[in-house]
Amino acid sequence: MSKTDVSRRGLLRTGAVTAGGLALPTIFTAQSASAFTNDPTGGTVTLGFNVPQTGAYADEGADELRAYQLAVEHLNGEGDGGMLNTFSSKALEGNGILGKKVEYVTGDTQTKSDAARASAKSMIEKDGAIMITGGSSSGVAVAVQGLCQEAGVIFMAGLTHSNDTTGKDKKANGFRHFFNAYMSAAALAPVLKNLYGSDRKAYHLTADYTWGWTQEESIKAATEALGWETVNTVKTPLAATDFSSYIAPVLNSGADVLVLNHYGGNMVNSLTNAVQFGLREKQVNGKNFEIVVPLYSRLMAKGAGENVKGIHGSTNWHWSLQDEGSKAFVRSFGTKYGFPPSQAAHTCYVQALLYADAVARGGSFNPCSVVEALEGFEFDGMGNGKTLYRAEDHQCFKDVLVVRGKENPTSEFDLLEVVEVTPREQVEYPVDHPMFAGGQLGSCNPGA
Amino acid sequence: MFGLNKKDTSLLLIVIVLTLFAPFILNPFPTGSGLAQFNAGYPDLMQRFAIFGIFAVGFNILFGLTGYLSFGHAAFLGVGSYSAVWMFKLLSMNVLPAIILSVIIAGLFALVIGYISLRRSGIYFSILTLAFAQMSFSLAYSVLTPITNGETGLQLTLDDPRVLGVTSTADGSIPVTNLFGIEMRSTYNLAVGPWDFQFNMGYYLCALVLIAAFYLSIRIFRSPFGMMLRAVKSNQQRMNYTGLNSKPYTLAAFVISGMYAGLAGGLMASMDPLAGAERMQWTASGEVVLMTILGGAGTLIGPVLGAGFIKYFENIFSKINDNILHSWFSFMPDGLEDFVVFLVHPFIGKGWHLTLGILFMLVVVFLPGGLVEGGQRIAGWVRGKKKPDAHQSETNPAE
Amino acid sequence: MDAFLLQILNGLDKGSAYALIALGLTLIFGTLGVVNFAHGALFMIGAFCAVTVQKFLTLSVETIDPEKTDFLGNPLKVKTPYVENWFGPDIGNAIIDWSVPLAILFAIPIMIAVGFIMERGLIKHFYKRPHADQILVTFGLAIVLQEVIKYFYGANPIPTPAPEALNGVANLGAIVGLDLIYPVWRIVYFCFACLIISGVFAFLQFTTFGMVVRAGMADRETVGLLGINIDRRFTIMFGIAAAVAGLAGVMYTPINSPNYHMGMDFLVLSFVVVVVGGMGSLPGAVLAGFLLGILESFASMEWAINLIPGINQIIIYLVAIIILLVRPRGLMGRKGVMED
Amino acid sequence: MGILEVKNVGKRFGGLQALSDVNLSVRENSVHAIIGPNGAGKSTLLNCLVGKLIPDTGSVMFDGQSVLGRQPYEINQMGISRVFQTPEIFGDLSVLENMMIPCLAKRDGSFELNAIASVMRQTDILETAEKMLLEMNMADKRHMNAASLSRGDKRRLEIGMCLSQEPRLLLLDEPTAGMARADTNNTIDLLKQISDERNITIAIIEHDMHVVFSLANRITVLAQGKPLVEDDPQNIRGNPKVREAYLGESA
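Chains as they are written, first to last, in our numbering: chain W, 28 to 475; chain C, 879 to 1277; chain E, 83 to 422; chain A, 112 to 362.
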C-alpha cells in the first residue's frame, strides 16, 4: 500500500466504475493517477459553496448561495449568461469549465471556524470539490483559506473585510475579491473631509475581535491623516446586544463624530442605540454630531430600519451601479429571484466566474495553474470598473463605493445611495504596508 | 477478557469492531448513487465521531456517575486544543507530545475549576462551571488574543520556531502533523466495485485512542472508585457518615473527565491544527451535555452513540440542498416532486437545526433512557422478550 | 457623576429585561420544578408578536406607479397599507406608528396560550423526570421554536421602532439641574418592567390564588394533601410566566431589532441571574437582575476596563462566581431547592 | 472513663439555648439511651457528636480524642457509625453494593483512587459484605435495588452497613420511628442480638419508652437542653423529675 495526501474522491468516482463489478480490491494512489487534489476526471467538476446557513448571517449566506446557483447556471450555458456577456475575458464559453459540467455541493459554516473547516473538509474529502468559496466573516475566511492551502485546493473568499485575510494570514491558494478595512478607510476619508471638515473629534466603538481591530486601525489612521482628533477608542464585546452603556459615555466626551466599527447584528444594535440616545440630533462644538459606519451592508442596513438614514459608510458593490456588468448581473439575479442582489451575492458570483475563467485561461484545474492565471490578472466588466488581482498578496483592487442611508427609499431594497465611487488608485497600498505586515504568501499547493 | 466480565467484554468488542471497520460501516451506499449523500465514511467526519465520542465518554464519567452536571466542559477541550497547537508551533509536529501536553494542561485547569466549583452542588455547581467556561471563552476571544489568536483561531504559520523540526518544508508550506513520521492526513483508498472506502491514518489514531478511552471508562465504571461515584449521586449524606469523603471523589471524577476533554481537544488539533475560541462557548458545552443525555447518561456506550448522532446531523443534513432533493425525487411526476421537495425543504440544509431539535424532543419523550434504551427495546423485541424488570436493570445501570 | 447616573439608568434598563425573564424562570422552577431552557424562546416569541402585529398593520395593496421604475426597469409597484386606505393616511400612519404598544394587547392572549399549550402538551409529562431530561426536551423545544420563527421571518434583525412620540430623548436631570439625557423608550421600558414585576408580586401576595401558589412553592405535597388541585394553578402560573417573558420581549423590540436567536442570547444570562438571586426566590431573581444589569454597565466604563482588561466581557460571570462562593444559595435562595 | 465523654456542651441557635452544660458518659459495651420530650435537644446533641454541628462550649471526647471540628467522615473513621431516623441508604445501588461500600471505607479509608481494579474482584470485601447480608437475613435480596426494599428491610440494611464497619460506637437516632409494632419488635430483637454478640457500644436516642426499656442498661434524660438525670433503667422508671418532664409535655 502506498500513501497519499488527503483523499481524492473525484477520481475514484469514475475510476471505481471502470474497476467494475466485484473485482478484487484495487488500491489507488494519487501519485500515479493525478498531479493534484480532486482532479476532475469525469464529465463534471464539483465546486464547494460553504456559506453560513444558520446563525446571525444566515440570510447573507442564503443570498450568497443564490448567487452561486446563478453563476453555475451561467457557466453551464443556462439562463441569460449574466456577466459572462460583459466580462472582458472571453475564455468561458458557457459549456461548463473546460467542457466539464459544473456541479456543486453546499455546506453550513455556522460562522464558526471549526464548523466551517469541517464543512470544507467534507467537501474536499467526500465530494471531491476542487474549489471552496463563500463565507461571511473574516475568522471563517482565514480558517478555511488555511485549510485549502494545506489540502491543495483553491479558496475564493466570500465576504471578508479584515486586513488580515490578504495581510498576515494570506495564503497562495486563496484569493479575495472583496475589499478590506484599509480600502474602506481610504475611500471614506476624503468624503468625510468634504462633508464634515478637517476639524473633528472622533469616538470609536469597535467590536472586540480581529476584524474590528483592523477596521479601527485603518479608519483611525485615515481620519487622523485628515487632521481629525481621536478622542477615544472603546472595544465592545462581540456578544453584546445592548450598547447603551458604551453609547452613553459618548454624550459628554466632547466628540462630534461616532465611528461604529461593527458589522452584522452588532452594527444594527449599536447604530439603533446610538440614534436612540439622540446622537443624530445632537450639537457638539457648534457642529452637527455625525455617525459613521465604515462597512455597510444593505441586508444589515435593513435591520436598522430608519436609523441608517443619512449615515455614511462604504460598501464593496451596490445594485444601483450603472455599469454594464452590474446591470447584467442585477437583471439575471432579479429576474430569477425577484429582488436585487446584495454585495455578498455579487462578490460570490464574481468569485465563481473568476475561478472558472482562470481555469479556462490556464487550461487546467491544477491549483497552481489557477494561481498563475489569477495572479496579476486585470479585467473589467464585473462591476466596479477595471479590477486587478495583485500577484503579491492575492488582494483585488477596484473602485470602492461610498454610500449613504437613503432619506426617501422607494422600496424595501432601496436603502442606500451611492455618494461617490472612489477610484482604484486612491485605495491602493504597497504590499509591505505595515497594516498588512507579517505572514507569507507561501507557494501554491496542488496537494499531491 | 481484559479484566472485564463477559457482558463488558462483548460491549468492548462491539466498539472495537465498529470503530475499526467504520470506513466500511459508514459508507454503505455506492459512491455514484443518490443515497451517497448519507455516507459518513470520510476522514474528517469519522475523526469527529471518535473525538466527540471520547469527549462524551469522559463527560459521562462525571455526569453519568456522580450526577454533577457541568455546563463548562468545552473549556477543557478548548484548552487542550490550544496547548496542542502551541506544541506544534514551538516543539514539533509530532502529535504525541502535543496530546500529552493537552491532557496535562486540561487536567490542571480542571483541577482549579473543579476545586472551586465543587464547593457547591446541584444547579449552583452547573452555573459555576458555566461561568468559568464563558469567562474562558470571552477572554480567549478578546483580551487573550496574543495566546489564542482570537476570533480567527490559533493556527500554524510559516514562521513558527519549532525546536524539533522545520519551520517550513522544502516547497514552502507548513509541515503536517505526524506520529513519528506517519502523517495524520495520509489516506489509503480502497475501491471495491462501485464503492470506495477511505482509510485515514488520523482516523485510526483517533479510533485507537477512543478504544483505549472507552476501555478505561469501563474499568472506571466497574471499579470501587466508580461505585463510590455512584454512591455520591445516590446519597452523599450516607456516604459522609460511612467514613467516605465525597469531595476528593467528585474532584477526581471532574479532573478525569476534564482530562478526557483535553485529550479530545488535543486530538482535534492533531487532526486539524487550528484551535478556535468557539470551541469553549457554552453552546459547545451544551452540545456534550446533549450528546450524553441523548445517548443515555450513565450508560457506557450511550455517550458515544449520542456524539455520533449529533455530529452526523450537523455534517450530513446541513449539506443536503434542494438540488439534491430534486435528484432524489425526480422519479415522481413534476407537480408531486415539487410538493415533496417543498415539504422536506424546511428540514434539510439550513433547517438541520430544526430536524435536530425535533429529534431531541422525540427521543426524550419516547425513549427516556436515550438511544441506548431504544437499542435495548429493539433487542428485546427481536428476542421476543419483555424488557427485563426494573430491579434488574436498575441495579446494573451501566449497560 | 453624570456618567455614573447614566450608567445606573442603563443598568436598570438592562436589569429590567434580565429581571422579567428571570422572574418567569423562577416561577416555573419554583412551582413546577422544571428547568425550562425554552424560556428564552418565549421572550423571543413575544418580540415576534410585535413584529407580526407590525406586519399585519402594514399589509398593503400594490398599485403601479408608471412614473417610477424598480431595479429591473419595470414600473414601480407602490405599496399602501390597508389601514391607510381605510382610515386615511393620518390615522392609518398613527396606528402603524403605535404598533409596538398595540402588540401588547395581542401578545398577552397569545403568550398565555403558548404557555398553556407548552405546559399541558409537553412539560406536564416531565415533572417526575430527571432534570437532565427536562433540559434536553426544553432545549429541543427552544431550537424548534426559533427555527420556526427563522423559517417565517428570516435570520436578519427586523426593525420595529417605537412610536414617534416616545422615540426621542428626555432630559431627566432637568429638575435637579443635571444634564441627564436619556431615551424615552428606555424609561418607558423600565417603568413597564416595574409595573409587571409589582403586578406579579401583588397577584401572589394578595389573592387567594397567589397564596395557594406560594404555599405550593414552599411545600407541594402538603398543599396537595389539603385537596387543592395545585396542578391546575401551576399551569396557570406557567401561562403567566410565559406572558411575562413575552411582554418583556414585545417591549424590548424598539430597543434592539429582534432576530430569531435573541432568546438564546438572553437564556444563559437569565439562568445566571436566577441562580445568583437564589433558586426559588422571586425577590432574589428581580434583585439579581437589576444588580447584574448595573454591574454590567459599570464594568463597561473606561476606568473599569483600564483597571482590569476584559472586565466588561466577564463581569456577570465573575460576579456570579463570587456571590455563589460567598453565599452558597445565591442572594436569597432557600435551602434544598435544586441542590441535588 | 467512658468511651464517649461529653463535657459541658452548650449550643445556641439565635435566641434559643438548645443545649446547656450537657455532661454525658457512655461506658464501653453498654447500651446507653438518651431520652427526653420533644425539643429537649436530643437531635442537637446527636449532631454535635457526629460532626454535623459544632457546639459553642464544652468538649466531646471519643476514646480519648476530641471529635470537635472534625468532618462526619473523619468521626466515622474514628469508629462511630450512625443510623438515621429515616434509613439513609444508597437507593440507586443494589443491596450488595450498599453493603460493600462501608467495607471499602473500612479497608481503604476516606478516599482511595481505586479506579482500575474491578469491584467484583475485591474478594475480601465481597466476603465481608455477603457475610453481613447473611447475618441480616438479606442474602436473597442482594441484587435488589435498595430503594425498592421495604421500610423494615431498609432499616436492617442500614444497621448492617454500620455493623460491617465494626464500629466501636453505634449511634441510633429513633431507629423505630414510624414503624409498625411488628417491625419495631424485630428491630429491638436485632439490636439486642447485636449488643449481646458483639463487642460494641450502642447509644440510642429514642422517644418510645418500650424500646428504651427493652434495650438500655443506662439512660440519660434530657429536658430543655439540660441533662436531668443519668441512671440505670429501674431507677429512671420511678424518678419523679422524669415523670414531671414527660407529664409536663403530655399535659
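I should point out that these hints are in silico values taken from the structure, not numbers from a laboratory. Yeah, the Cβ is synthetic: ideal placement off N, Cα and C, and Gly gets one too. Accuracy of the hints is not assured; some may be wrong.
Unchecked claim - Mimicking DSBU-like on lysine-lysine, the simulated pairs with C-alpha atoms at most 30 Å apart in a straight line are: (1) W/K354 x E/K210; (2) A/K118 x A/K352; (3) A/K352 x C/K884; (4) W/K336 x E/K137; (5) E/K159 x W/K336; (6) W/K363 x E/K210; (7) W/K354 x E/K206; (8) E/K150 x E/K161; (9) A/K352 x A/K217; (10) W/K433 x E/K137; (11) W/K433 x E/K150.
As the list claims (entries may be wrong) - Computed list of chain C residues with no C-beta within reach of chain A, every gap over 12 Å: (12) G881; (13) N917; (14) W964; (15) S970; (16) N972; (17) V990; (18) V1110.
Each hint tested on the structure:
| no. | hint | in the structure |
| --- | --- | --- |
| 1 | W/K354 x E/K210 | violated, 63 Å |
| 2 | A/K118 x A/K352 | holds, 22 Å |
| 3 | A/K352 x C/K884 | violated, 67 Å |
| 4 | W/K336 x E/K137 | holds, 21 Å |
| 5 | E/K159 x W/K336 | holds, 22 Å |
| 6 | W/K363 x E/K210 | violated, 54 Å |
| 7 | W/K354 x E/K206 | violated, 58 Å |
| 8 | E/K150 x E/K161 | holds, 13 Å |
| 9 | A/K352 x A/K217 | violated, 43 Å |
| 10 | W/K433 x E/K137 | holds, 22 Å |
| 11 | W/K433 x E/K150 | holds, 16 Å |
| 12 | G881 | violated, 6 Å |
| 13 | N917 | holds, 38 Å |
| 14 | W964 | holds, 29 Å |
| 15 | S970 | holds, 31 Å |
| 16 | N972 | holds, 28 Å |
| 17 | V990 | holds, 19 Å |
| 18 | V1110 | violated, 10 Å |
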